[in-house]
Every structure is written in C-alpha cells, then in structure tokens.
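Fit chain B to the given chain A structure using the hints.
2 protein chains.
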Amino acid sequence: MKQSQMFIPTMKETPADAESASHQLLLRGGFIRQNASGVYSYLPLGYKIIKKIETIIREEMDRAGAQELLMPAMQPAELWHETGRWDVYGPELMRLKDRHGRYFALGATGEELITSLVRDFLNSYKKLPMNLYQIQTKYRDEKRPRFGLLRGREFIMKDAYSFHDSAESLDKTYWAMYTAYCRIFERCGLKFRAVLADSGAIGGKDTHEFQALAEIGEDTIAYSDQSNYAANLEMAAVLDTDASEKEATQPLEKVAGKQEANEQEIIAQAFKTRTETVVVFIKASDEMNDVKLKNVMATDLLEPIPADFNLMKTDSNVRVFADNGVKHLSQSVLYNKFEDVTYLHLDPERDLNIVAYDDFRFIKEGDPSPDGKGTIRFAKGIEIGQVFKLGTKYSEAMNATYLDAEGKAKPLIMGCYGIGVSRTLSAICEQYHDEGGMIWPKSLAPFTLHLITVNPKNEDQYKLSEQLYQQFVDLGYDVLWDDRKERPGVKFADSELIGCPVQVIVGKKASENIVEIATRKDKARNETQAVSLPETVDQLLKTLD
Amino acid sequence: MKQSQMFIPTMKETPADAESASHQLLLRGGFIRQNASGVYSYLPLGYKIIKKIETIIREEMDRAGAQELLMPAMQPAELWHETGRWDVYGPELMRLKDRHGRYFALGATGEELITSLVRDFLNSYKKLPMNLYQIQTKYRDEKRPRFGLLRGREFIMKDAYSFHDSAESLDKTYWAMYTAYCRIFERCGLKFRAVLADSGAIGGKDTHEFQALAEIGEDTIAYSDQSNYAANLEMAAVLDTDASEKEATQPLEKVAGKQEANEQEIIAQAFKTRTETVVVFIKASDEMNDVKLKNVMATDLLEPIPADFNLMKTDSNVRVFADNGVKHLSQSVLYNKFEDVTYLHLDPERDLNIVAYDDFRFIKEGDPSPDGKGTIRFAKGIEIGQVFKLGTKYSEAMNATYLDAEGKAKPLIMGCYGIGVSRTLSAICEQYHDEGGMIWPKSLAPFTLHLITVNPKNEDQYKLSEQLYQQFVDLGYDVLWDDRKERPGVKFADSELIGCPVQVIVGKKASENIVEIATRKDKARNETQAVSLPETVDQLLKTLD
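Protein chains in written order, with our numbering: chain A, 170 to 714; chain B, 170 to 714.
So here's chain A without its partners, still in its complex pose (with noise of 0.2 angstroms):
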C-alpha cells in the first residue's frame, strides 16, 4: 500500500491526557482515535492488527471445537430480569428504550443471551458438550475510563459458552481452553501467565485469568521464579512450611498499657459474617488476607469490625482461627485492647481460645513458591482472558434443563471463556515499544516491511523503490511504501511510530541499486545491494520475533 494514499494520522506530540505508553503510542501512531471518553475508532493500521488478532482467536478456538456466532448487542431486559442482573449490574450495564419503551441491555457480557439461545435445542445430554463463542463489540460504561483501550466503554471482546451435563466434561472443556489461549497469547508474541484467580463466593470454583506482564497492569501477580506457578495475589497459597520447634514456655506475663517487646507481635482482626463474629490472629508483620478467609467460611460477606472485645477470654459465639505462621509461635506479645493490657510470652495454642489454623496472609515475595518450585516474585499484569467454571448459576436461574440418561431433567452446566482483543493489542503495546513507537511483532505487524524512499522526487529512487515495491508484493509482502513528499525526518519518525519489523531505505545510492536495510528494533542500518535485498529481508526476518 502506498502510504500516500493511506489514512494515518501520526502525532509529533503526546497528548497530553494519554496516561500509558499503550494509549499514547496507539494515538500517535494513527493507529486509533478517540471519538468520546472511552470510545475509540480503529484506523486502518490499528484495524489491521485488530483482524489479525481475531483470526488467531478463531484458528484456536476453532481448532479446540468451538463454534462461532454471532449475538446482538441489544439484549431485552427481560432476559436481565430473569437472573436478576437487570437490578444487581448498577450503572455500568448501558440501557436503552426502544420507540415502543421496550428497554434493552446493550450487552456487558452474554450468558443470559446465549442459554435463552440454546435452553429449547440443548435438551437432552446427547447433544452435550457444546461450545459457542463470538467476537463482538462489548459496552460497560466504566466510571473512569482509562489507559486508552484498556479500560473502554466500547471495546471487542471474544466470548465463548460451554454446556455441560458433567463437571467432568466442563473441567476438559475448561482445559481445552486454557490451552487454546495459552497457544491464541503465545501467538500474539505475548509474555503472560495464567495466574489462579478468585471465583467469587456465588458462582463456580475454578478460574484463571490470563494475565499479560506490564508495569502498566492494576493486577499483582505471585509467580514462582523456578515453576509455571502464577496466581492473583489474594489466591497464591502460602505454604505451612514451619517445622521449627517451639522455643521453650515461660509464663504468660501481663503489663498495663501498650507494651514494646523483644517478641514477634501478634494481632487480631475481627470480622463479621451474616451470622456469627470472627477472630483471625495473625503475626503483625503478615498481611490479613479477607478473601482466604471468605473461602475458609464460604461466605460472601465479611465486614471488617473493631475487635474491641476481650480477646484472651472471646466469648463462646465468636470463632477464632489464627494464621498458620502462628502455630508454632511460643513467645510472642499480644495488645489487647479491652483491658488495655500487653501479653508477654504468650502461646497462642496454650493462652487463645484458636478453633483452626489455616493460611489467611497474603504472600511475600521471597515466600516459597506454593508448588514446593523455587521463590515467589511480584509482577504488575493486564488481564487479558479469563477462564470460568460458571455450574448452574445461569441455567437453573434461566430454567435451562437437559434430560440425562434417565430421561430426568438437570440444569445445564456452564463454562465461560473470554478475551479482550481490543485490551490484548494494549497489552502488546505495552511489551512491544521503545521510546520512538512500536516494534510489532511479526505475526501482528500491520505491515511487514516499510520501504521508504527518501526523495520520491529524485527519479532513480523513485523507479527503484517501485520496482523493489512491485517484487515484495509479487513475493507475497505486505508492503508499506512510503512515497510521500515528506522531508526524510518525518519519514523516519513516522517509520518508528508505525513500527513495521524491516525498513528498507532507499536513498542517495539508489543510482547505484543500493539500499539500506534495517529492523525496526535495534535500527541499525547496513547497506545491500538491491537484487539480494529478498534473501537478506528473508534472514532478517528469521531473526525476529
């Protein structure tokens, strides 16, 4: 294509509201632009790799036996209602009324639309497992957009849903997917992990997300610097490992006041659940961590209380459970608050009233990696995909039956699987720039090679640069020709924003069938002569990612 002729608005300046390197490098680089808050076009170039994206989601997903479609954005309300997500999904769900004062959803997300689609056909087990997924453009009006398209109102998501009349069926679909984005991400020439995630106390039990590394990324992730193990902050496990013995008793010691002491300090957090108080002790130095605990009592609600009771004699209705780093604790100091009264030499098993140990403390870095598998380090990620064992939230809500083999009728089981393509290109950005713009990797790059001619208007770089574009066409090229009538510094500038893996450059030795030939990345120039020009891009290419 020549670039004369092609839509892309490149900036010299950033501008000045576009926070991450992403946001600013997709702007500059004409590959986007933002229409209203959170609203972006894709422009040719930023299109290009959008399409690109998808058509490595659709092989994988594909390959892995799912099935494509394609459902509305204008969801009815009554579908909402029936789950009740109509009244619980608050202002980020966008809404419309139509000319009769019928509302709609304008889908955030698609399982009530796609079990009203199947509960009449998926009716009995033999036709189960099924697998049904989309790539659509997905709306959440977000109360701060931000980053660009990583946090958008309007933005292209891939969406997948699997029906299921075992866990066992779900749990290989489940991992039919996990590796098919694993394989749609490795692809897409991202660094990632698929990390453990929190399902949340009201729905299914497994999930990962798919996180991209990115000092950008709002996620923490634990992984292990030895082993594949990688999880959310608050899911990554810490190990029991304390086998140490305990220290020798001495008597429980009590001093008025709040006390310093020469003792590992423990404290109590207090919470309370619909029905009952609880009590965790934990080393001072830890950090409390709700959701283990909320998985511990399988409840979705805990609220954080004072903890402005006695704790040395808690009362019989409140539980206490201590953090395993407490077990083997034999001399340690405790406030306590109520009598307004320092423990020393306190041991927790001997002076608490602790029903269970169990792990309520985040990790640490230089922890153990849970896997038994090297030391676990901190990394900022983009979340990127999620896999999701959904069960029968949605079917037994929306009255969506199969009939097994016993001609009885059971809910379906779901799954549901998603990506966020137009966050996937941010997360590339992210990986994929120096300070000049972007170097795409190849299998995304909008154009593989960027020939340039400095002086179109000088006849022998002109006729060369032609010929050169006319045979990397031939030989199955993309090509991006610039032939514009541009001072070379702004071609040069507009080559880094775009990014293209290989430049060719064809300048004052053009008479001479010389060119120079560079990548994008380390953007050393070498001279070569032109007719040998297709086996070294050829080489070059072989080199890069």
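This list has only true hints and no planted wrong ones.
Far from chain B, by Cβ distances over 10 angstroms, these chain A residues were calculated:
#1 255
#2 278
#3 358
#4 394
#5 409
#6 415
#7 428
#8 478
#9 547
#10 561
#11 645
#12 705
#13 713
DSBU-like, lysine-lysine: derived pairs with alpha carbons at most 35 angstroms apart:
#14 B/217 / A/266
#15 A/296 / B/626
#16 B/296 / A/677
#17 A/611 / B/295
#18 B/562 / A/217
#19 A/562 / B/266
#20 B/220 / A/217
#21 A/220 / B/266
#22 B/296 / A/690
#23 A/221 / B/221
#24 A/577 / B/632
#25 B/654 / A/579
#26 A/496 / A/533
#27 A/577 / B/181
#28 A/626 / B/341
#29 A/220 / B/220
Examples of chain B residues toward chain A, derived with CB under 7 angstroms:
#30 202
#31 205
#32 208
#33 211
#34 212
#35 216
#36 237
#37 265
#38 267
#39 310
I should point out that these hints are in silico values taken from the structure, not numbers from a laboratory. Cβ atoms here follow ideal geometry from the backbone N, Cα and C, with glycine treated the same way.
Quick look at chain B alone, frame taken from chain A:
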C-alpha cells in the same frame, strides 16, 4: 464438522409470524434466531455465510483501493447536532444516555463520525482522494420490523465514505464503487440490477441503488428487456417519442357540466411549493410523478392542492406545465371544475397557458426503454446496496475543509456507499430456495458437501463415512457430516433445509463401497463407487452455480 456436535436448531414447522421465504427458511434451517422484534442472532451456519459475504466485500473494496477501519456504534450526540440530524432523524435513531447524562446515537449511518475523524487530517488536496470503509453493526429503530433480516433494527452494514477535491475525482471513485458492487453481487450469485435512483432534493446528484430481483421486494424497478437499463420506477425517464402530426384543429367547444367525450382526456394537478403554485396537465390515462416535478423545479417541498381555479385563464402567479404526452394533442377534452364546464376539441398549445413541456409521468410496462433499446418491463427488487454522491452537505455543516493548490480552504467533496450485509443474505435466500429449504450457491454455502450416514449404528456405514469425511477434509472441502443417530427422514429433511450444494449418502450399500450422490438442486440420486467419489464431486460442482 460433525453435525452431532453442531448447533443447528432446525424446525419442522414454519413459524407463524415469518412472512417471507427467506425469513421462514433462515429460521427453519437453524441459520438465525430472533432475540427480539427485528433483533437476531446469527447461529453458526448463518454466520459462516455472513463471513463469506464479508470476505467477498473486503476483497472487492480493497481491490478498488478503499481502506478498512472500524468506528464505534456509540456516536456522541454533539456530532449529530453539528449537521442538525439529531433533531431531523426522528424515532428511527436509537439514542442512549451514559452514566454522566451525555447523549449518544447508536450509529444508523456514519457520515458525521467519519467526517469528524478525517477533518483535521485531510487538510490538503495532496492527501485526496481517500476512501474509507467499515463492516459494522448498525441500528435503526424501525416502526414495523419485518421479513426477518430484511428490515431489522440491529443489522450488519458495509458503509464507505470517500473524500475528494473535485467532481471528477468523486465521479471516478463513484464508478469504481459501482463496479466493485457489481463484482460483489455477482460473486454472491445474485440476480440484481443497478438502478438509477432519486437522490432527493437535498444532497448530491448521482445515485444508484443495487436491487436484487425478488417478488417480496418493496421497490418496483423499470428495466429494459433488451439492455442493461434499469431505474427505480420514480426515476425512469419517459422518452418524448411522439412525432405524430397534430390532427386538424377544430374550434374549442364548451359544454355545461362534466361530459364524457370520444377524445383524449387530460387532467390538471396542482401543487404548492414554498414560493408558488404550479399546475401540470397530463393525460388522464397517465400517472403523475411528483419526483420528476420536484427535480425540474429544484424544490424539496411539493404539496398537492385542489385545482380549484380557472384552468383556462390561470393567473400570472400560477406556472403551468404539461407532460410531454400532451404536446401533440389537438382533440382533447378537459373538465374545468371552477366553471363546471367541459371543453371539447381542446388544443393544449392553443388553449392553455403552458410555459413548458417536460417528462412528468411514471413510465409504464410496454413503454420504449429510455436508452432507446428494447421495451420497459417491471420487476420487484430488494435494495441491497447504494452508491451516492453526497457533495458538500456534511463537510460544510461540519467545517471539514482542505487547502487547494492555491492555498484556499474548500469543503471536502464526499461520496458514500452502502451494502446491507444481512439484507444481502436475505436476498440470496429469496433467490436460492425451493419448498424444502435452501439451495446455496457454491460461493456462499456454509458447507460444500453434506455427508449423510443413513444409519451410523451400522459399522460398515460408519466406517466408510468416517473415511470419506477425512478424505474430503484433507482435500480441502468444507464437509458437514451428519453422524447423528436420528431417523433417515429427519436427516434428509434437515439436509434439504440446510441446503449444501452436494449431498453424499452412505446407506445400505456401504458394505459394497457404493454410495449415492445428489445435488441439492435437482435431488436425483446416483450410485457411485466410493473410490471415484472425489472425481465425481469435483465434476458435479463444476455444473453448479
């Protein structure tokens, strides 16, 4: 793909509310499902066809030099205020309010948005022309959605917008798009006509609609039986071919009341524009065409009024026109209601104050074709595409200007070009079906081959089918294998509904390696040896559309 694992919810009965063949068969064949009035899901089979249509569109648009982008469906109301269309568009424009109370239109069309995108960049004649397109979901809140995908509220459209610095440049792109559209619809296998259409009084000049021929169509097309001439009924010019000598003139005769006479009757139709009153005389046997009068008078408002004034002595502020058909009359009869008098032997030229003759009537079947070749016939059409010279309507309203070679700011000259993708699918259905279901053209069939195992529990049948399935997949065919444990009647009925071009039936003679082959179109089955099947299928496909 194994049919047992595919989501193809066929229906035995014709849905009561589906009026057209395309609507009925798309539902019955499991291609689409309705989610709300005018809102549909494309199920896996239907979406496969949509994607094939989209691929053809992309290839031809790219070949014609257009660039693909993707704009959002959410369009800020401010843009629609700039052109005034927020108020003009009426209830067909879907609107929504975000959580901050800002209004958006859900794109029914994209002129405002694209103009806002390019107006800063296309600032010089050097960057012109530019042609940008997208394939996108569009929204139109139709009062009465009907015929399934034919008049939906959420639908897929290809819309393109071109920008120019001269009428000649626009003309060139206009005809390039015209040619691309012909290629697209030909590749889709459609019988269609590109017809001259009315551009309306406001906006551009040239416009053609692409009409797929179908009885269900809402538009009447006038076409020549001997040339490519075709026009919307309202636009078809009537040739002024009457070269007959006037008959000898008799004196005008005046008779009281309304009288019958053996002469050609003429009538008068009166209209008011914003500024004047006009009368048009026309043969009583012809039908007045307001659109032609509007265009002759260059007005967008024309209100029919009673002709309750003296037709013989029209006062000077009433302009009097006559249709060409009146020009050669000398023996006509006219009833003047104002006087309650019938005039006989009236010679319009002599007796009426006619200032000009022109073409003011609708063309009729049997009229000579306006291009001088053949005779006019009528047909019904479904509008599947339109090319349109917009001129400067939007660029002027939105201040989208470029600098010409002299450095003078001028409004961009625009064209726009639409294809209804989901409508095209419906039009194909209308043209390619029989009572049993769809008969897809090769270029769009969801699968080329339908392999039907009559009894999959029979080992010979299953093994031979499995072997043939693999063989054809390896040969690059798209094969649907009906491996379901259903009754043969169900299988054959479904196969008719689904409509793959070629069917291979593996039945009782599987043990002898003999199968049956048939085309969906003529259904006649022929036995063939399984070993020669690839060759037979190949031959058969060559005979099909």
